[in-house]
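Asks: Model the full structure from these sequences, guided by the hints.
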Amino acid sequence: MNDADKKRLLKEMIFFRRFEDRTFEAYMERKIGGFLHLYSGQEAVATGVLEKAMLGKGTDNDYVITGYRDHVHALKAGAPAREVMAELYGKETGSSRGRGGSMHIFDPSVNFMGGYALVGQPFPLAAGLAMGCKHKGSKQIAICFLGDGANNQGTFHETMNMAKVWNLPVLFVCENNGYAIGTHIDRSTAVKDQYKRVCAYDMEASQHDGMDIETVMEAAEKAIDFVRSGKGPYFIEFMTYRFRGHSMSDAKGYRTREEELEWEKRDPIKIFSKRLIEQGLITEDDIKAMEKDIDDEIENDIIKFSEESPEPKVEDLHKYVLDDDPDPRWIGPLQQ
Amino acid sequence: MAEIAYWEAIRRAHDEEMANDRMVIAMGEDIGVAGGTYKATLGLYDKYGEERVIDTPISENSYTGIGIGASMVGMRPIIEIMSINFALLALDTLVNAAAKIRYMSGGRAQCPIVMRTPGGTAHQLAAQHSARLARMFMSTSGLRVVTPRGPIDAYGMLKSAVRCNDPVIIIEHEQMYNLKEEVPDEEFFRPLEGAEIVREGSDITLVGYNFSVHLCLEAAKRLEADGINAEVLDLRSLKPLDRETIRKSVEKTHRVLIAEEDEAPVGVGAEIMALINEDCFFALDAQPVRIHAADVPVPYNARLEKAAIPSAEDVYQGALKVMGKI
Ligand SMILES: Cc1ncc(C[n+]2csc(CCOP(=O)(O)OP(=O)(O)O)c2C)c(N)n1
Ligand SMILES: [Mg+2]
Numbered sequence: 001m002n003d004a005d006k007k008r009l010l011k012e013m014i015f016f017r018r019f020e021d022r023t024f025e026a027y028m029e030r031k032i033g034g035f036l037h038l039y040s041g042q043e044a045v046a047t048g049v050l051e052k053a054m055l056g057k058g059t060d061n062d063y064v065i066t067g068y069r070d071h072v073h074a075l076k077a078g079a080p081a082r083e084v085m086a087e088l089y090g091k092e093t094g095s096s097r098g099r100g101g102s103m104h105i106f107d108p109s110v111n112f113m114g115g116y117a118l119v120g121q122p123f124p125l126a127a128g129l130a131m132g133c134k135h136k137g138s139k140q141i142a143i144c145f146l147g148d149g150a151n152n153q154g155t156f157h158e159t160m161n162m163a164k165v166w167n168l169p170v171l172f173v174c175e176n177n178g179y180a181i182g183t184h185i186d187r188s189t190a191v192k193d194q195y196k197r198v199c200a201y202d203m204e205a206s207q208h209d210g211m212d213i214e215t216v217m218e219a220a221e222k223a224i225d226f227v228r229s230g231k232g233p234y235f236i237e238f239m240t241y242r243f244r245g246h247s248m249s250d251a252k253g254y255r256t257r258e259e260e261l262e263w264e265k266r267d268p269i270k271i272f273s274k275r276l277i278e279q280g281l282i283t284e285d286d287i288k289a290m291e292k293d294i295d296d297e298i299e300n301d302i303i304k305f306s307e308e309s310p311e312p313k314v315e316d317l318h319k320y321v322l323d324d325d326p327d328p329r330w331i332g333p334l335q336q
Numbered sequence: 001m002a003e004i005a006y007w008e009a010i011r012r013a014h015d016e017e018m019a020n021d022r023m024v025i026a027m028g029e030d031i032g033v034a035g036g037t038y039k040a041t042l043g044l045y046d047k048y049g050e051e052r053v054i055d056t057p058i059s060e061n062s063y064t065g066i067g068i069g070a071s072m073v074g075m076r077p078i079i080e081i082m083s084i085n086f087a088l089l090a091l092d093t094l095v096n097a098a099a100k101i102r103y104m105s106g107g108r109a110q111c112p113i114v115m116r117t118p119g120g121t122a123h124q125l126a127a128q129h130s131a132r133l134a135r136m137f138m139s140t141s142g143l144r145v146v147t148p149r150g151p152i153d154a155y156g157m158l159k160s161a162v163r164c165n166d167p168v169i170i171i172e173h174e175q176m177y178n179l180k181e182e183v184p185d186e187e188f189f190r191p192l193e194g195a196e197i198v199r200e201g202s203d204i205t206l207v208g209y210n211f212s213v214h215l216c217l218e219a220a221k222r223l224e225a226d227g228i229n230a231e232v233l234d235l236r237s238l239k240p241l242d243r244e245t246i247r248k249s250v251e252k253t254h255r256v257l258i259a260e261e262d263e264a265p266v267g268v269g270a271e272i273m274a275l276i277n278e279d280c281f282f283a284l285d286a287q288p289v290r291i292h293a294a295d296v297p298v299p300y301n302a303r304l305e306k307a308a309i310p311s312a313e314d315v316y317q318g319a320l321k322v323m324g325k326i
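Read top to bottom, the protein sequences are chains A and B. Just so you know, the numbering used here puts 226 at position 226 of the first sequence, and the rest follows in order with no gaps. Just so you know, the numbering used here puts 209 at position 209 of the second sequence, and the rest follows in order with no gaps.
FYI, nobody ran anything at the bench for these hints, they're computed from the structure. A quick note: this is a predicted structure, and the numbers were derived from the prediction, not measured. Heads up, none of these hints are tricks.
Pair by pair, the computed Cβ-Cβ distance ranges are:
no.	chain 1	residue 1	chain 2	residue 2	range
1	A	Lys-196	B	Gly-49	32 to 42 Å
2	A	Val-165	B	Lys-47	18 to 28 Å
3	B	Glu-51	A	Lys-196	26 to 36 Å
4	A	Gly-182	B	Leu-88	21 to 31 Å
5	A	Tyr-254	B	Lys-306	52 to 62 Å
6	B	Glu-187	A	Met-1	52 to 62 Å
7	A	Ala-4	B	Leu-88	49 to 59 Å
From chain A, some residues computed to sit far from chain B (all C-beta separations above 10 Å):
no.	residue
8	Gly-33
9	Ala-180
10	His-246
11	Trp-263
12	Gly-280
In silico DSSO-like links for lysine-lysine, alpha-carbon gap of 27 Å or less:
no.	chain 1	residue 1	chain 2	residue 2
13	A	Lys-231	A	Lys-196
14	A	Lys-52	A	Lys-265
15	B	Lys-325	B	Lys-252
16	B	Lys-47	A	Lys-164
17	B	Lys-180	B	Lys-39
18	A	Lys-292	A	Lys-31
19	A	Lys-136	B	Lys-47
20	A	Lys-265	A	Lys-292
21	B	Lys-47	A	Lys-134
We treat Cβ as the ideally placed atom computed from N, Cα and C, and that holds for glycine.
Replies: Here it is as structure tokens:
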């Protein structure tokens with residue numbers, strides 16, 4: 001990785017952290033409603049994995065799909081930050097035109113195929129995206145990000161089996177943050193190391209530190225190469241931690257302050273900035289300046305855009321339920 | 001023109017659509033090498049190969065989900081679920097994903113899947129193989145639900161369903177796969193929307209869908225012998241419902257009976273009655289009647305099964321009641 005890329009990635013991760021922090025504030029101001037799940041602490045995973053994916057080519061990108069904790073995956077995949085924030089604000093200019101909200105960010109123009117609230121639901125959808133890529137003979141792959149808890153759904157087993165049997169170009173990324181809401185993995189899951197679970201399906205798998213972006217990138221590159229070369233699906237597990245509650249309504253009574261502090265020492269942004277400072281690529285002041293630029297952009301551009309954008313019109317309530325412009329040959333009316 | 005069976009009509013639609021567009025694939029349990037439980041894909045595995053006629057493991061929720069994902073990137077999967085009872089396992093992907101992806105994305109993504117499944121009682125298949133469940137799907141915004149009553153619709157609606165951009169649930173019936181009808185040899189499409197008057201009449205409207213249309217037709221024949229001229233209306237599409245055609249018919253006959261093979265609560269008949277109340281209440285000359293299954297799991301015992309499921313005789317008796325003859 002060259003120095004410019006390192007600095008860019010650090011800036012991206014800081015941006016993602018600040019973006020999430022700002023959504024927290026907007027939620028407190030009641031500008032954002034519904035459930036809001038923040039990604040703070042796990043930035044190195046989405047940033048690092050997707051850095052190695054095929055992006056920046058619009059609809060020729062790799063496909064990305066995830067759960068409800070989806071803002072950062074969407075942003076890194078290329079969804080404009082203004083549109084993601086406007087979606088959280090429920091505005092017509094939002095990524096899903098205000099119909100989806102925080103848990104359902106979509107941007108098919110960059111092949112970000114959505115955030116889904118039903119735990120485990122994206123597993124088969126991802127395999128389907130991969131089936132489409134394979135069928136078209138394209139080099140694209142599908143990348144599915146889900147949590148450790150999702151692996152206890154039936155779809156996990158059903159999909160791992162089919163992905164392997166059909167040799168689908170799909171990368172499953174398990175973001176193991178140790179918890180499914182308030183239930184620690186030790187209390188819910190017989191096998192702690194998630195990557196071991198797919199051996200039942202004879203699938204390639206590995207486990208890595210998810211707090212160090214360079215480790216993530218190195219592991220992701222291998223896994224993505226494997227999948228893209230047609231060798232079949234791959235399951236990659238990253239050990240990580242979410243710094244905030246599961247969602248906004250979480251008093252975090254299920255974990256200790258000591259545990260949190262232990263993980264905060266391994267904050268992916270701290271680890272990476274410290275390394276870049278040690279390598280002489282950047283100074284504390286540079287980082288402060290970076291943060292200021294980011295905050296300015298978020299406040300003066302992204303938030304301003306979201307605040308000023310119009311709400312969807314109530315007359316448009318029925319838009320987007322079915323194809324709004326269907327072909328009468330298939331739909332009707334029926335000639336009596 | 002040739003007389004072909006319902007299953008042959010479905011097979012022909014698969015074949016033509018797969019030949020027309022290589023993005024069309026078929027998925028389901030035993031549909032490939034075995035040719036399909038109902039022969040709906042017979043011979044297609046040999047013709048199109050295992051990548052397009054896909055034998056799936058017994059994982060309804062996830063293979064349906066895989067079809068949905070594939071449809072989001074341009075494929076046109078026709079998913080067969082062996083029985084609508086097993087479609088309950090796929091409700092998450094169908095109801096929470098397929099039905100809502102267009103909406104949740106603000107119209108930016110779509111999933112044009114077709115799911116075909118038989119829903120209905122056959123002969124003593126008992127409680128876990130006799131569900132009807134149309135009412136469950138028709139209560140879900142974002143889905144289309146259609147119920148072809150014979151080979152012409154089975155063929156023409158499947159072809160339209162493949163080409164339409166919405167998720168379409170096609171509910172077939174175990175007792176209809178061998179039903180025959182003259183079907184034109186040249187290609188045609190049948191629209192997914194619109195109820196159809198399959199028998200014109202002036203005294204009473206008998207509303208049916210799927211298999212119950214045939215019960216209505218049989219009852220209409222018997223009513224004719226009694227001097228009652230019944231109109232038979234096939235809903236064809238349960239979602240969306242064609243309330244215009246229902247209203248017009250009721251305004252003509254002033255009397256109505258709804259025949260459904262399913263249980264009554266929160267069902268098709270309940271919905272049609274509500275629409276009639278809203279649209280043409282004052283056109284009614286008599287209380288509408290619903291003919292429906294007993295509110296019990298479908299029994300195994302043949303005599304009990306018969307008692308639980310409506311017959312043409314029940315429709316006939318119900319019509320006499322609406323006519324004030326009993
Ligand atoms: C099918 C389903 N069951 C339950 C829930 C409620 N729920 C939301 S998130 C969650 C925990 C998921 O944990 P994990 O997969 O580890 O992801 P994380 O939140 O840690 O990122 C649960 C139980 C849901 N959304 N969907
Ligand atoms: Mg978790």
